[in-house]
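Peer 1: Chains as they are written, first to last, in our numbering: chain B, 1 to 331; chain F, 1 to 335.
Just so you know, the hints here were simulated from the structure itself, not pulled from any lab data. Note that beta-carbon positions come from the ideal geometry of N, C-alpha and C, so glycine has one too. Incorrect hints may appear among the rest.
A few chain F residues facing chain B, derived, Cβ under 8 Å [claimed, not checked]:
id : residue
1  : Val128
2  : Ser135
3  : Phe136
4  : Leu151
5  : Tyr152
6  : Leu278
Listed below are the residues making up each chain.
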Amino acid sequence: MTTATVTANGFRRVLRSIHIPPVYFFLILIFIAGGLLDQVFADGQIFSNPAIMLNIVVRSVALGIVAVGQSLVIIGASIDLSVAYTISITAVMSSYIMVGKTENVPMAILGVFGIGALIGLANGLIITKLHVNPFIATLGTSLIVKGIINASFSNYTGSVPKSFEYFGYGKIGPIPVSIFILVIIVMGGWFLLARTKFGSHLYGVGGNSEVARLSGVRTDRVLIIAHVICSMTAVLAGLFLVSQMRSGAPWVGPNGVYDLNSIATTVIGGTALAGGKGGVWGTLGGVLIFGVLETVFNQLGVNPYIKTFLQGAIIVLAVASYTIRSKKEAA
Amino acid sequence: MTESISTPQTGFSKLLRSIWAGIKKTPPVYPIFFIIFIILGLLNPNKYQSMNGVMTFLRTAAPLAVLAIGEMLVLALGGFDLSVGAIVTFVVLVSSKLLANDPANAYPAIMIMLGSGLVIGLVNGLIVSYLKVPSFITTLGMMLLVRGGALYYVGGAPQGYLTDNWRAFGRNYIENVPLFGRVPYAFIILIVIGALAYFLFHRTHFGKQILTIGDNVRAAQFSGVRVKLVRVLTFILCSVFAIIGGILLGGFGGVNVTIGEGMEMQAIAACVVGGVLLGGGKGNILNAIFGAFTLQAIVNLLNLLGLPKPYTDAVQGLIIIGAVAYVGISSLRKR
Numbered sequence: 001m002t003t004a005t006v007t008a009n010g011f012r013r014v015l016r017s018i019h020i021p022p023v024y025f026f027l028i029l030i031f032i033a034g035g036l037l038d039q040v041f042a043d044g045q046i047f048s049n050p051a052i053m054l055n056i057v058v059r060s061v062a063l064g065i066v067a068v069g070q071s072l073v074i075i076g077a078s079i080d081l082s083v084a085y086t087i088s089i090t091a092v093m094s095s096y097i098m099v100g101k102t103e104n105v106p107m108a109i110l111g112v113f114g115i116g117a118l119i120g121l122a123n124g125l126i127i128t129k130l131h132v133n134p135f136i137a138t139l140g141t142s143l144i145v146k147g148i149i150n151a152s153f154s155n156y157t158g159s160v161p162k163s164f165e166y167f168g169y170g171k172i173g174p175i176p177v178s179i180f181i182l183v184i185i186v187m188g189g190w191f192l193l194a195r196t197k198f199g200s201h202l203y204g205v206g207g208n209s210e211v212a213r214l215s216g217v218r219t220d221r222v223l224i225i226a227h228v229i230c231s232m233t234a235v236l237a238g239l240f241l242v243s244q245m246r247s248g249a250p251w252v253g254p255n256g257v258y259d260l261n262s263i264a265t266t267v268i269g270g271t272a273l274a275g276g277k278g279g280v281w282g283t284l285g286g287v288l289i290f291g292v293l294e295t296v297f298n299q300l301g302v303n304p305y306i307k308t309f310l311q312g313a314i315i316v317l318a319v320a321s322y323t324i325r326s327k328k329e330a331a
Numbered sequence: 001m002t003e004s005i006s007t008p009q010t011g012f013s014k015l016l017r018s019i020w021a022g023i024k025k026t027p028p029v030y031p032i033f034f035i036i037f038i039i040l041g042l043l044n045p046n047k048y049q050s051m052n053g054v055m056t057f058l059r060t061a062a063p064l065a066v067l068a069i070g071e072m073l074v075l076a077l078g079g080f081d082l083s084v085g086a087i088v089t090f091v092v093l094v095s096s097k098l099l100a101n102d103p104a105n106a107y108p109a110i111m112i113m114l115g116s117g118l119v120i121g122l123v124n125g126l127i128v129s130y131l132k133v134p135s136f137i138t139t140l141g142m143m144l145l146v147r148g149g150a151l152y153y154v155g156g157a158p159q160g161y162l163t164d165n166w167r168a169f170g171r172n173y174i175e176n177v178p179l180f181g182r183v184p185y186a187f188i189i190l191i192v193i194g195a196l197a198y199f200l201f202h203r204t205h206f207g208k209q210i211l212t213i214g215d216n217v218r219a220a221q222f223s224g225v226r227v228k229l230v231r232v233l234t235f236i237l238c239s240v241f242a243i244i245g246g247i248l249l250g251g252f253g254g255v256n257v258t259i260g261e262g263m264e265m266q267a268i269a270a271c272v273v274g275g276v277l278l279g280g281g282k283g284n285i286l287n288a289i290f291g292a293f294t295l296q297a298i299v300n301l302l303n304l305l306g307l308p309k310p311y312t313d314a315v316q317g318l319i320i321i322g323a324v325a326y327v328g329i330s331s332l333r334k335r
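All chains, full assembly: derive it from the sequences and hints.
Peer 2: Set out below in structure tokens:
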């Protein structure tokens, strides 16, 4: 009998230790509201067709991967506005190097991760060593990368081999490969933040950089690593997008508004822009909200401009749904 | 005897030292701007060494400068306003339909625009103040809302052209002004708005309260600042200035759906080049205006060098980082 109570207590403790970010309540709300609207005004596929559920997640993969990286830098009280063009340069460079041949894939992947590491390193160094505000630093690198892409490519460039399309279209059983990759990245982000020294240091740097530095954290190095990881996630998202598109185009990143959207989903997920607080699970919730919205709008055939309008309103409402109870003034 | 010799020397060196101290105290945006402008003058003496050319430059730079003034107020408060670029697009698109190609509609259209600016700013301010949504997200949402709304209203493309009397504010000059030759309306509007903002920000309690809130919200609350009111007013000012900037830009820019794209980032960059701290608590109207002039001068310089657009982007990125690093490092040294 004692063992039973112990396990019951243990179970309760585990339950209590699982802290569900409030964004998931909003996600469920949006999903149910969208599903009901779909039931009334369209064919009701959202509730009845499991393929649509999967599609919501697949739609969210690219944004989800970048948003994990974005969450890391925002937790470190930094920001990365260069992810959109990092995605673009990945898409065009990888398909440019691959030119449809499987044997070029490893080289292309190495190449684009190298470029990504370089961009992240540049961001991190400019922010930490030149003391440039991260907003401006990454805006600057974003302009530089944009210039380089637009000077070299103006349209679809090269192509990816059939084998590489597995990344975008392959399935393991009924579940698309891309979903596994998203889950792995989110788990990886969670592990980094919650289970490693780097993670605790990052929270420290984001919370109060000076205090972290005085307690012996190499704040510059932590922030640089966070930026390199963030750029790497953008590269991975770019690879995923190019495998779906079959050929890289310079406008993939900015067209998907991956810079501002990844920041928005991170904040919707409960990560504070001021840094030091938050996590990747919340961000995943924010990303899924975007996926659900996109699907609902498509099902209902909403005018694209109204879609933009509603997206703006919902971003604000999603964040308001939990900030409204906060006693602190927002900035 | 020694004194009689050394006194003038110390007087002179004191003067030199005070001049040097003055130079050191000058915000770095001024040397940056004047160096770029001198390069412009050397490369194209016909244009940039004549009063006419300077006035044309001021006309081109005025819209961004007006945007930067509003943005600076919000930045000094510790916030962001990402909606100003979308507001510029909104002004041009919605006006193109409101005008219906009839000059008689110009002034009512401008009034409607200023009114919408007031409403946009009010909503931004209320959401940040009462729903406690960070301004970065509030104004990001507002950016989508305003852009989506404007595009929906005009059906995705500009409707008709902007009439000449609507465009006059951004495009025309007052001719035959003594000493200056001709003065663009846009520059006069910039001076009026700049003076108004300068007075509000540097000479009134309101301005001090903005800085206090940006520096420490709690302290501001405890010292009796009506934080919510000040914030809402600041956001309104920013949006209305963005509307005015849009009207000025619409005067000579093309009527298209991308006209305001990225202008929020340029306005923020202009402020930061002008020494404004992101995160609040510091700001200067004149420096922000010169920050905007600097960015515009960079664009003109790159155009003058005949670089194609993509290179212009890349070099602009480099120069923004460089300028901000310079501003940041020189302010670090002062501390």
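Peer 1: Of the hints given before, which are not true for this structure?
Peer 2: When the structure is compared with the hints, none of them turns out to be violated.
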